[in-house]
Structure formats: structure tokens, C-alpha cells
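Student: Read off the chains here:
There are 2 protein chains.
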Amino acid sequence: MSTPEASFTTAALKAFRQNLDRADKFFTDLSADQLEARVAPGKNRLIYLWGHLAAVNDAMLPLLGIGERLHPEFDSIFLKSPDGTAADVPSAVELSLAWKAINEKLLSDMEALAPAEWLERHTSVSEEDFAKEPHRNRFAILLSRTSHIAYHMGQAVLAPK
Amino acid sequence: MSTPEASFTTAALKAFRQNLDRADKFFTDLSADQLEARVAPGKNRLIYLWGHLAAVNDAMLPLLGIGERLHPEFDSIFLKSPDGTAADVPSAVELSLAWKAINEKLLSDMEALAPAEWLERHTSVSEEDFAKEPHRNRFAILLSRTSHIAYHMGQAVLAPK
Chain A
6 MSTPEASFTT AALKAFRQNL DRADKFFTDL SADQLEARVA PGKNRLIYLW
56 GHLAAVNDAM LPLLGIGERL HPEFDSIFLK SPDGTAADVP SAVELSLAWK
106 AINEKLLSDM EALAPAEWLE RHTSVSEEDF AKEPHRNRFA ILLSRTSHIA
156 YHMGQAVLAP K
Chain B
6 MSTPEASFTT AALKAFRQNL DRADKFFTDL SADQLEARVA PGKNRLIYLW
56 GHLAAVNDAM LPLLGIGERL HPEFDSIFLK SPDGTAADVP SAVELSLAWK
106 AINEKLLSDM EALAPAEWLE RHTSVSEEDF AKEPHRNRFA ILLSRTSHIA
156 YHMGQAVLAP K
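Protein sequences, first through last, are from chains A and B.
Numbering-wise (this note's numbering), the first sequence opens with residue 6 and increments by one.
Numbering-wise (this note's numbering), the second sequence opens with residue 6 and increments by one.
Next up, chain A with everything else stripped away, as it sits in the complex (with noise of 0.2 Å):
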């Protein structure tokens, strides 16, 4: 039997990989044209969207304090630039091979985690503020990184075939 705590956050990591699941295979189907798509006119394209998953997921690993990024030239390019005016934009091959990198070892180090280390403040909080703002935990990053994929593969289903 599992303890309550542990039913949470199973529940909430398997919401999580839910999301990451049709993320994967719905990028890694598609061939590097198919991801010059755009998910509507003017808008951004599909590898893009691919690109700025992979960033956000590795930067989760130093925001949980699970571990080293293993990507972290991607947050220029997937991040703080606009789709389109990053040079260095890695082709469909390297950001399939660095995505599938990223997510094998962000699940496995998040599976690690013990329920009561969910509540532990994430690194982007000070010791401080989080004695103030408890909820600033590991678990509210896990429940909005799982928002932000639902949130742009909302867009990238749009996309013309």
C-alpha cells in the first residue's frame, strides 16, 4: 500500500508524463518538413514549439535541484528569442536525440523523489521567502511544467498537416 502522500504525487508525475507521451510522439513522428509547419498563420513552428519544450524540461533539472542541465544553449534559441531569429537552431536529428536525453533523465530523477521532497522549495526560492510561501515547492513546478506542454501541444495539433 502506498501512503497518501505517495498517491499524490504519483498521481500528479503520471499526469506529467501523460503530457510528455503525446508531446513525443507527436514530434518524434514528424519529419524535419513537417515541422517547419506553423501551428497557425504567423505563428510559431512546430520545431520550435519542440525546441521550447525540451529547454523548459531541462531547465527543470537545476530548478527541482535534481541536476545539471544538459542543454542549456537551448534557452537562447527555444526561450528568449522569437521563433525564427536564433542562429544555431539544431536540426530535427540533434533536438530529437537531446529531447529524448532531457526526458529519460528528468522522469528517472523526479521518480526519485520522495513524496515529502515534493514539498521542498525549488532553487528559484530563497530559504527565506519559501519559510513565508511554503507553497513555492518542488510539486507547484511539476503541476505547471504539466500545463505548459498541455498548453502548447493545444497548438501544435493545429497545425496543417
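Derived by calculation from the structure, the hints in this document are not laboratory data.
Using N, Cα and C, we set each Cβ at its ideal position, and we do this for glycine too.
Any given hint might turn out to be false.
[Said to hold, decoys possible] The calculated DSS-like cross-link candidates involving lysine-lysine, where the alpha carbons are at most 25 Å apart (straight line), are:
hint: 1; chain 1: B; residue 1: Lys137; chain 2: B; residue 2: Lys48
hint: 2; chain 1: B; residue 1: Lys19; chain 2: A; residue 2: Lys137
hint: 3; chain 1: B; residue 1: Lys30; chain 2: A; residue 2: Lys166
[Unchecked claim] What follows is a set of in silico ranges between Cβ atoms, one per label pair, in the way DEER data are often shown:
hint: 4; chain 1: A; residue 1: Glu116; chain 2: B; residue 2: Gly72; range: 43 to 51 Å
hint: 5; chain 1: B; residue 1: Lys85; chain 2: A; residue 2: Glu138; range: 41 to 49 Å
hint: 6; chain 1: B; residue 1: Thr90; chain 2: A; residue 2: Lys137; range: 36 to 44 Å
We have chain A already, so just place chain B on it with the hints.
Tutor: Showing chain B alone in chain A's frame:
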């Protein structure tokens, strides 16, 4: 001090409410004309997405076993029919009022649930099946409905202004 269990349910309720607030602010600020915009060429109109989210929230009341539906008539319009095919589509004003009433009831009834009650079965799983699959609980519904709102809000923001 709240219990660890309450920390998890409070965080998940907060994530749901944040997504709902985003939808609320987005849709209720739009005119009836603006609600006719499509999220992408040939895709759903904003008014349809709004009604869809209202119907899904309304359906959470019996699914969570916390209340009767306020607008069961929304299902045939916003869940079972694609956009543009149903008769008797409510006006923007009617939808806005229904949306408000549904969410007020839903949020207040959900706030009243104790952490342990979130781990109880939802009403679309039988007691027998729940004994084998205890993850099919109210908490899983809350998480999936949070992602569902985010998914459609990702689409809604793409509509031309």
C-alpha cells in the same frame, strides 16, 4: 500548519484555479463578435471553446460526486457536436452567466473536499474496478481537467485579434 496531504491538494486546486482564471479573463473580456474568431483557419471558434470548457467543468460536478449539473444541455452542443453543427447555441451573454455559475459552484464544492476525499473514486469508475485501480480517483480528474483547460487556452490565444 497544513498536513502534507493538504499541501498537495491545495497546490493542485491552485493550479486548476490559475488555469481557470486565465480562461475567465480571456473569454469574458471578448465581445460577441470577437468570440466568432477561429483559433486557426478551419478550426474551432472561440465561443465553441468557451462553451466546451464550460460543459467539461459542469460535468465535473457529478463526476467528482459533489453536485448536480447546472447545464446538462451543453453536452450536445459543446461536447458531442463539432463547432457549427448544433442548434440552440447559447448567446455570449448566456454563456458568460452559465460559465460564472458553474465555476463558482465547482470551485466552492471542490474547496470543501478533505485531502482524503480526493483519493476516493470518481463516479465513472465502479467500486469493483476502483479496488483494483485506486489511481482512478478524484485527484486524477482534477489534474486532467487542469491540463485540458491549458490545452484549449493554448489554442484560444492564437485566434486573430
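Student: Against the structure shown, which of the earlier numbered hints fail to hold, in ascending order?
Tutor: 1, 3, 4, 6
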